[in-house]
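Visitor: Residue strings, one per chain:
Protein chains: 2
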Amino acid sequence: MITGENFIGKTRSATGSKQFSTFDPVKAKPNPEQFFVATEKEIDDAVNLAASVFPVYSDTSAEKRAGFLRAIADEISELGDSLIDCYCRESGLPEGRAAGERGRTLNQLRSFADYIETEEWRMPVIETADPGREPNPRPDLRNALFALGPIAVFGAGNFPFAFSTAGGDTASALAAGCPVVYKCHPMHAGTSEMVASAIIRAAERTGIPDGVFSHLHSQGTTVGQQLVAHPGIKAVGFTGSMGGGKALYDLAAQREEPIPVFAEMGSINPVLLLPQAMEKDAKGWADKFAASITLGAGQFCTNPGLFISEESPALDRFIGALSMFLEDKEQGTMLHPDIHQNYLRWTSLQKKQPNTQIVSDPGEKDQQYKAAPVLLTVSGLDFIKNPGLQHEVFGPFSLVVKCSGSEEVQEVINVLQGQLTATVIGNPTEMDKYSELVKDLQSKAGRLLFNGVPTGVEVSEAMQHGGPYPATTDSRFTSVGMRAIYRWVRPVCYQDCPQALLPDILKNGNPLGASRKVNGQYTTQSI
Amino acid sequence: MITGENFIGKTRSATGSKQFSTFDPVKAKPNPEQFFVATEKEIDDAVNLAASVFPVYSDTSAEKRAGFLRAIADEISELGDSLIDCYCRESGLPEGRAAGERGRTLNQLRSFADYIETEEWRMPVIETADPGREPNPRPDLRNALFALGPIAVFGAGNFPFAFSTAGGDTASALAAGCPVVYKCHPMHAGTSEMVASAIIRAAERTGIPDGVFSHLHSQGTTVGQQLVAHPGIKAVGFTGSMGGGKALYDLAAQREEPIPVFAEMGSINPVLLLPQAMEKDAKGWADKFAASITLGAGQFCTNPGLFISEESPALDRFIGALSMFLEDKEQGTMLHPDIHQNYLRWTSLQKKQPNTQIVSDPGEKDQQYKAAPVLLTVSGLDFIKNPGLQHEVFGPFSLVVKCSGSEEVQEVINVLQGQLTATVIGNPTEMDKYSELVKDLQSKAGRLLFNGVPTGVEVSEAMQHGGPYPATTDSRFTSVGMRAIYRWVRPVCYQDCPQALLPDILKNGNPLGASRKVNGQYTTQSI
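So the sequence lines, in the order shown, correspond to chains A and B.
Counting from 1, position 240 in the first sequence corresponds to residue 249 in the working numbering; the numbering is continuous, with no gaps.
Counting from 1, position 260 in the second sequence corresponds to residue 269 in the working numbering; the numbering is continuous, with no gaps.
Treat the hints as calculated values from the structure; they're not laboratory data.
Check the hints yourself; a few may be wrong.
The list cannot tell twin chains apart, which means a pair is met if one copy fits it or any two copies do.
Unchecked claim - Heads up, simulated DSSO-like pairs for lysine-lysine below, C-alpha to C-alpha not over 27 angstroms straight-line: (1) Lys289 to Lys38; (2) Lys526 to Lys255; (3) Lys360 to Lys38; (4) Lys516 to Lys442; (5) Lys526 to Lys289; (6) Lys516 to Lys448; (7) Lys526 to Lys448.
Remember, predicted model here, so these are calculated numbers, not experimental data.
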């Protein structure tokens, strides 16, 4: 079933000579399949096909695209256990996680289908003409959002389903009416190819034209760079490391025609621990955060990598309990030897940073590629002086910043870089006292949460997964939730356009039955 | 009244030694006032002040900000004839234009005031918790748009009011809750300083804190570059040349923290002339387009600089009539000797492009700095081969591309770069036949208009002034109309936030009375 070939539209292709295999980190050996790195010609063909089919696909009805998205979900479902098996042996993640992530991915696809069918998301606004206006007649103006063009999507290593082949970026782009050229993450190439085949089958089953989705195998950075540099690509969605995301952002900005890149590059997700909450239940919070830090072997972009609190005996109890719970957890296998190596390198570097104290560092319990937690503490003053301590360590690593008082907490928050999330743990009675701190924390993050853990990102319209740089390259957009679709559309205004040439969403008769803002009032009525 | 000083917040400052004056192109002599180029320290102070006041200003009520915007309009109005006088002697534009543009600018400010007061533009969405959901409880999620931070705004030389000091960029940023550091256009520094003083008075009158608006005089590129590079600036609005906009875009992308730049860099605004319309009324259209091409001495970013049509006797009649009408028009004075010089240089270059034919080139009728129209023709084939013909010539220049048939028209449209506008002139009976061409034209532009002229940009919610690159740096946004505000905001999601800490827009009680999407339904009710 896994052939190692690329999909140029629906056509399988393997003309290149460079091959690679994936790795099973639990069994500590390579998987048997060989994958063919896409060639320059294959990349070019995929983008050109996407560009040529764009006018047709962007013009399909929302109903048709919704049918396509639901069919993708069904086809992925149909792959059953064989898909889960492949996921597990390419990621080292347990079956339960695989099944849960698949459920989330199917739900995501179906949610986008529901979302686009109302057409309201396209923000249609109609202002009818006023020929008698002085000094100049007012023209008829109609505006709605339209698909941007072919999108390059880069899969994330840590979410083989939800942020990969048929994940949020692909789903939102296809929902918007944009063809997708997908650059597969080499760590789970087999899983990705299986999902890609499901997308292709769904396209054929629902009459979606060839070229709306292509799937390219890659290793290293060449395929991705060529893809982003291709004039046919009009925007980029990326989830991954700071280095990778920033490199693509720079490349896209330097094109002859610069294009937008939405890169979600991770975060250390600060958690502000307020004194009363610590006083009341240090142990309970330590328990919850130990689970959050070690979830998925800590390989989440919303992993809580930083705690900020005033020094107190209660904080010491929190640190002690957190340390104990972390050491008690079963150690998860990391995604890949390279990820594991990187984790060891970064924890080692952070342990050597000036004046950090090691609280927990149990080392690996048994076999190789295990994620052993590391918990450090540092003073507020030392944290403020050392931006290096804000580097994301991908894995179950966390740092507690012990501040001399609330003023130092304030200063620590002031020096924080942009974040995906920021969390406040506090009792209702103390929240008011710290409302200014909370406001400052909001200015640093895309999502602000209270008395909970940042891992676990809800997929809904109200979600925001995107914060100030370096969490993402553009805080004005989200990569999770329905509003992720806004990355891939642009407004077009029609002035005095004959009815026959207007897109359905803007026609007088309102054939789509959409809610539209007509001369200032929302209505589903025709004009 | 004009002192030549900068405004660092409400404080006048002129610590620099570099001075410059503006120029009256009608009288062909420099104006008497001297302006002080902002120093590095002044720029730094202005941005730091904006950054420090941001938390307070972004937290003001929409009502307060609306009051501020209306007060700005009133204060500008109060300046009366002295402002118009200054505008005219710094731009060479006639009094009627000055008064019209002022009216548009006041209307813009008041429209943004109305727009933000409903709060609906912030797209509030609330999803209440579902503690019983399986497998995990659903948290309470609330999302709305919040101000991004201090914005650097660059004024446009060709619109001393509407795209300058209190123009659309400033108005939309202030409406969003963002402080503005304004880089004055040196060609109309006195006009700008007067408008800036009106903004400062309005701020004082409506209790807006110091630092929400600063005004910096500049000459050359240094002030602008330093401003965009300043870490306190979080986004940039620019209207002007391709060279200037792209340089700022590049600079912003290369910052340690890259920031979004919306640069509107002009366009040649293609006009597709369909055969029946030419057959029916070549002369009438020639008359309308001669007026559009020469309006404001051709110094508009929506100036129709390109016509595309099939060869026919009717097209020849159009060209002949257009030529005649252009030569009959009174020649307007250009904004500045440099602009005039640039126009001469570019028309001269385009006249020498391979196989262009000169149809009209009457030269200047009387005194210096007049904009003499230039009309060229070229074959479709030669146009396709020569991207240089797509360079914007700022002034009353236009090029007619004569195609051998509708297929060549198609090919010409295919090679077009991104545009602010594209226009179709056609009879109702022939539109259907050309619907594919129209669709292709739509893919190149932000606004598509029919049987009208592209000059004259309506200020309303349905407007789109922003198209694919190189018309603008981000086609997903507009710089004209109410939705220009979306450039300066980002979504923030509050998860399980206590009521007391929620911003008013998301509180259960809905104290702002906003229309909000609550669990999928729009309502103004409280929860």
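Visitor: A separate judgement is required for each hint: does it hold in the structure or not?
Guide: These are the hints, each one checked on the structure:
no.	hint	result
1	Lys289 to Lys38	neither (48 angstroms within a copy, 77 angstroms between copies)
2	Lys526 to Lys255	neither (39 angstroms within a copy, 35 angstroms between copies)
3	Lys360 to Lys38	neither (30 angstroms within a copy, 69 angstroms between copies)
4	Lys516 to Lys442	between (54 angstroms within a copy, 19 angstroms between copies)
5	Lys526 to Lys289	neither (51 angstroms within a copy, 36 angstroms between copies)
6	Lys516 to Lys448	between (44 angstroms within a copy, 15 angstroms between copies)
7	Lys526 to Lys448	between (34 angstroms within a copy, 24 angstroms between copies)
Of the hints listed earlier, those the structure fails to meet are numbers 1, 2, 3 and 5, in rising order.
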